[in-house]
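Engineer: First to last, the protein sequences are chains G and S. Take my numbering: the last position of the first sequence gets the number 254, and nothing is skipped along the way. Take my numbering: the last position of the second sequence gets the number 596, and nothing is skipped along the way.
Do not take every clue at face value.
DSS-like, lysine-lysine: derived pairs with alpha carbons at most 30 Å apart [said to hold, decoys possible]:
#1 S/K125 / S/K595
#2 S/K199 / G/K168
#3 S/K497 / G/K191
#4 S/K408 / G/K191
#5 G/K191 / S/K591
#6 G/K243 / S/K193
#7 S/K199 / S/K155
#8 S/K487 / G/K184
#9 S/K199 / G/K167
#10 G/K243 / S/K347
#11 S/K162 / S/K125
#12 G/K168 / S/K217
#13 S/K497 / S/K347
#14 S/K487 / G/K163
#15 S/K141 / S/K108
#16 G/K168 / S/K531
#17 G/K249 / S/K193
#18 S/K217 / S/K355
#19 S/K199 / G/K184
#20 S/K393 / S/K593
#21 S/K199 / G/K163
#22 S/K108 / G/K167
#23 G/K184 / S/K531
#24 S/K521 / G/K184
#25 S/K162 / S/K141
#26 S/K359 / S/K408
#27 S/K487 / G/K191
Incomplete in silico selection of chain S near chain G, CB under 10 Å [unchecked claim]:
#28 G191
#29 Y204
#30 N460
#31 K488
#32 F589
No lab work stands behind these hints: they were computed from the structure. We treat Cβ as the ideally placed atom computed from N, Cα and C, and that holds for glycine.
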Amino acid sequence: MAISKEDIKKVAGLAKLELTDIEIEKYQQQLGKILEYIDVLQEADVSDLEILGLGDESVNQTRIDQAISWSQDEVDIALNQVIDKEGPQVKVNRVL
Amino acid sequence: MFLFNNNNKIKLDNLTISEAHKLLMTKKVTSVELTEFFLNRIKKLDKKLNTCLSVLNKESLIEAKLADDRILKGETGDLLGIPYLLKDNILVKGIKTTAGSKMLTNYIAPYNATVVKKLKEAGAVLLGKTNLDEFAHGSSTETSAFGVTKNPWDLSRVPGGSSGGSASAVAADFCIFALGSDTGGSIRQPASFCGLTGFKPSYGRVSRFGLIAMTSSTDVIGPLTKTVEDSAVVLQTIAGFDNFDLTTEKEVVPKYLKNINKKIKGLKIGVVKEYLDDGLEVNIKKGIQEALNTFKHLGAEIIDISLPYNKYSIPVYYIITPSEISANLARLDGLRYGFSFKYEAKGKTEENSSEIYMHNRGNSFGPEVKRRIMLGTYALSSGYFDAYYKKAMAVKEKIKQEYKNIFNEVDVIITPTSPHVAFKIGEQVNDSLKMYLEDIFGVGPSLAGLPAISIPAGLSNGLPFGLQIIADKFKEEKVLNLAYNFQQVTAFHKHKPKF
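Same shape as in the complex, but just chain S (with noise of 0.2 Å):
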């Protein structure tokens, strides 16, 4: 798709945030024209994917005349005027947000999120929501209740979940970045399956602030790019103290463009040999032995390593996630916002209100929602209690430790994003366990509260795979070093999906 502007022919499909930046500063094209031009997009095409909840026409156009003026009066800012998407858990002030969820149809957030807050100091232009799995619970964006979002690589597979929406829109390139969120893995696997960079920061690392909860203690807001470079200038945006967050780190973010070309000669990479095995898809396996080659040749040194805590993460994962699940999602009544609808209580006066949260719950929650929080309900109740969360919460330390440890010999760990492509839409969805093992290289860097990125490192019957790069806490800089060097090298990340 071409977009005419000065007579020139300038291609805004593919545009990475740098790319946009300088025609944008360069007075080649301005902002309205780069809303107008995804708004169409979004438009025609998104019939085919489902990944936008709702598209701001209006109020996209109005934030990117702003963006104009201030480019004129000679603001340079990274994101002025860059369009952007916003997975649909984010708050954003009088527009709705569902979190894919029947319970918030009609939800109106009252308030900003600090990361939308941020973006729009930055000058980045929203131009809508996107689909998620139910509150973020899945890997796949089915179990969003307004349908599921397909992968543009192949309209028959899923996009990953549950920041599916996000990734599904930037690989068919309706917007320049997204924002997703990631507890498990929801940024990262997407990322893979659509061929993307996705970047889960450490936790603490960004504000949860206006993030509908899930699991408090590992969720994480992050970006889904294009190039690593892009990562870097979101990252930068959106991070810091929050005084409404204080799990909020507050030390000074460092500037993350500021060494990530630097070589990597020397770097030590860790890698898990028991994660490259049989259970990986032969092409992936494949590209990973591939991209640590790569990485060999860049200079740094590849280091076996072992893990033997982290084969618990997922049994961890699934006790702790639902557990916080079950406390977060108490507050969803029907009373003050959200699904309600006049109903007779049978009970004494009492009762009644038990009866009515019962049925507002019961009748707005879908299939996923409802197994984790009766599973959370149940691992927190009196008997289960230790054998479940207790025990959990003492196997998520050693798990934390080891990590901690083996960061005193390697400066990162590679490991593969997913063990395998994007599966069909439908393949899974009817098994909770098979669905819940999707996360298996995701969950022990988000117990751990560890920066993880994901990077294409290849396709496979012409779907992409990507690869993770995990490093200690707070040590983004590590994460995007390595990612960029390698983009510098590769062109993974330049394949595009035909749909």
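With the rest of the complex left out, here is chain G (with noise of 0.2 Å):
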């Protein structure tokens, strides 16, 4: 399936990813490519599944919701590596 530079960018917009020219073409070239091989799944019949999961018996399981907290030291190293950080909190540029 052909696939248009403004849909790779858009799909880079999306990704959040910074590409460069050269990317934008290559990546059109060859998800264009992929995408076509993948194409043959659309003969797959698959007509007889009503419902997605039908066939998986996995069940889901639960735990209590309850936080637990990290000793300092998983603290410590966490926090070591952030950019930017105000007290025991990591700081971003405004979102809103």
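Could you fit the two chains together into a complex? Lean on the hints.
Structural biologist: Here it is, written out as structure tokens:
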């Protein structure tokens, strides 16, 4: 299936990936080729599967919804690699 | 290489877990001596192979000393004092975990993966972390940001992937066993390329807690070892329910060594005829036929089976996998950890965050990771979801049902692990579709969550190849039983590379 340059740019935006013009061209070709191969799936007959997950016997397991505190050394390791922080919190740019 | 100890010359390099265990228990060697031996070997020889991304020189010797103390106190655990290596997408508290990516070059894990915790409790000694395809996306270890790992059987060839560092290291005797992770063949294919036993347990048999997620619905941690018996020992230690991974199975883990040597008379082996056609390298085809004859001589029955939906396993896999990757890797933005550098955002304040994410991700992910994120985002995007993801999930269900039905007729299925031996470095790296087809025999069992092992089945022009044994979900014992019987009457697993 052919995929346009505009599609690639749109998908890169959704995926939050900065791509160079060379990359955009490369992925346009490669993704087109992969999607063309993947299209073979459309011929697979799944008409007898009414509901997705019908054959799956796995069941959900749950646990008590309870916050478990990290030990201080775990907290320190995690916070030491933060680019910008204020107290024990990660500081990021305004999002709203 | 030899080690002199108590005036006895003990050969240490090609020790299996069970052999090393005997030496440790009879005090013929200490864990510190073993650990020093492997550290020296890595130091001396890893320049040739690039298997290790980090080597824990100090930490491993501390762990080895602790293991020796436990042995002196009378403890006898199977893995007590045994040195091992770990794929670098599995977290070890306080230790760098890169996943082979520039994004995580300096990332220090704040906690231990469950498998690491279990191995620590068992007294196994962690020597270091091994190279892999970036975030385990690949089949050759060539997509690592830290250079390709080489195959000790032929330094111009890949070790397979994505657990190529672990496989190459075990084959080169840099450790006694290693852990890898397998999403669509990432333990089994490198095991085949490096002449090892590589075991992907059932999905849900081993906790994924602390494994950097690639495809959460098929990721499994498993061992790369020198024998089937060793695989059983490692699996015994790492298997079981984990409250931090609720996809793990609650049922009691069977004793894997208990029935491993049971005779296989009457066992039904399913073989898909089309898998043994002309697409295979001629020596591999011959090797698999000979292996089937060996199983026949041991009393097993060979039954022709058909798996018509399995031909869709690669396209299904390359929709589901990138889709999950696009979601799992969305957390990597360089703000809380990972690759980040000062960047002057050009847009308005509310747009800045988006620009920073794009910049950090665009400049630190490699080409294969970007390709998969793009593919997954596309497959999940509005207008394409039904045609791709929904359809792939439906066909995956058909593949699962197909296996389920077949296992009413046969005990196990045997296939080649890979259609060929290790390929040359650089040969396929620019052909992503060809690389995806590497997983042709591997992804079916992954999509269906089944246990599957690769064991050495011969050499083709001096390079090893493996055969794959698949069983129904949670029937690891059947896989191990059959593979163990094969290794009792063959010597393919004893061949060693010279490098």
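Engineer: Hinted pair, alpha-carbon criterion (30 Å max): S/K487, G/K184. Please report holds or violated.
Structural biologist: 27 Å, holds
Engineer: Need the status of pair G/K243, S/K193: alpha-carbon distance at most 30 Å?
Structural biologist: 21 Å, holds
Engineer: Keeping to a limit of 30 Å between CA atoms, is the pair of S/K199 and G/K167 held or broken?
Structural biologist: 23 Å, holds
Engineer: Would the hint linking G/K191 and S/K591 be met if the CA-CA limit is 30 Å?
Structural biologist: Not OK: G/K191 and S/K591 at ~42 Å, beyond 30 Å, violated.
Engineer: Please work out if S/K108 and G/K167 have their alpha carbons no farther apart than 30 Å.
Structural biologist: With a Cα-Cα distance of about 58 Å, the restraint between S/K108 and G/K167 is violated, given a limit of 30 Å.
Engineer: Is S/K497 within 30 Å of G/K191, Cα to Cα?
Structural biologist: The hint holds at about 27 Å.
Engineer: For the pair supplied as a hint, S/K521 and G/K184, is the alpha-carbon distance within the 30 Å limit?
Structural biologist: 23 Å, holds
Engineer: Would you check whether S/F589 satisfies its interface hint, that is, whether its CB is within less than 10 Å of any CB in chain G?
Structural biologist: 34 Å, violated
Engineer: Are the Cα positions of S/K359 and S/K408 separated by 30 Å at most?
Structural biologist: 34 Å, violated
Engineer: Taking only the CA atoms, is the gap from S/K487 to G/K163 under or equal to 30 Å?
Structural biologist: 25 Å, holds
Engineer: Would the pair G/K249 and S/K193 pass a check requiring their Cα atoms to be no farther apart than 30 Å?
Structural biologist: 23 Å, holds
Engineer: Hint check: S/K199 vs G/K184, CA-CA at most 30 Å. Holds or violated?
Structural biologist: Between S/K199 and G/K184 the Cα gap is close to 21 Å, so the pair holds against 30 Å.
When each numbered hint is compared with the structure, violations occur for hints 5, 10, 12, 22, 26, 32.
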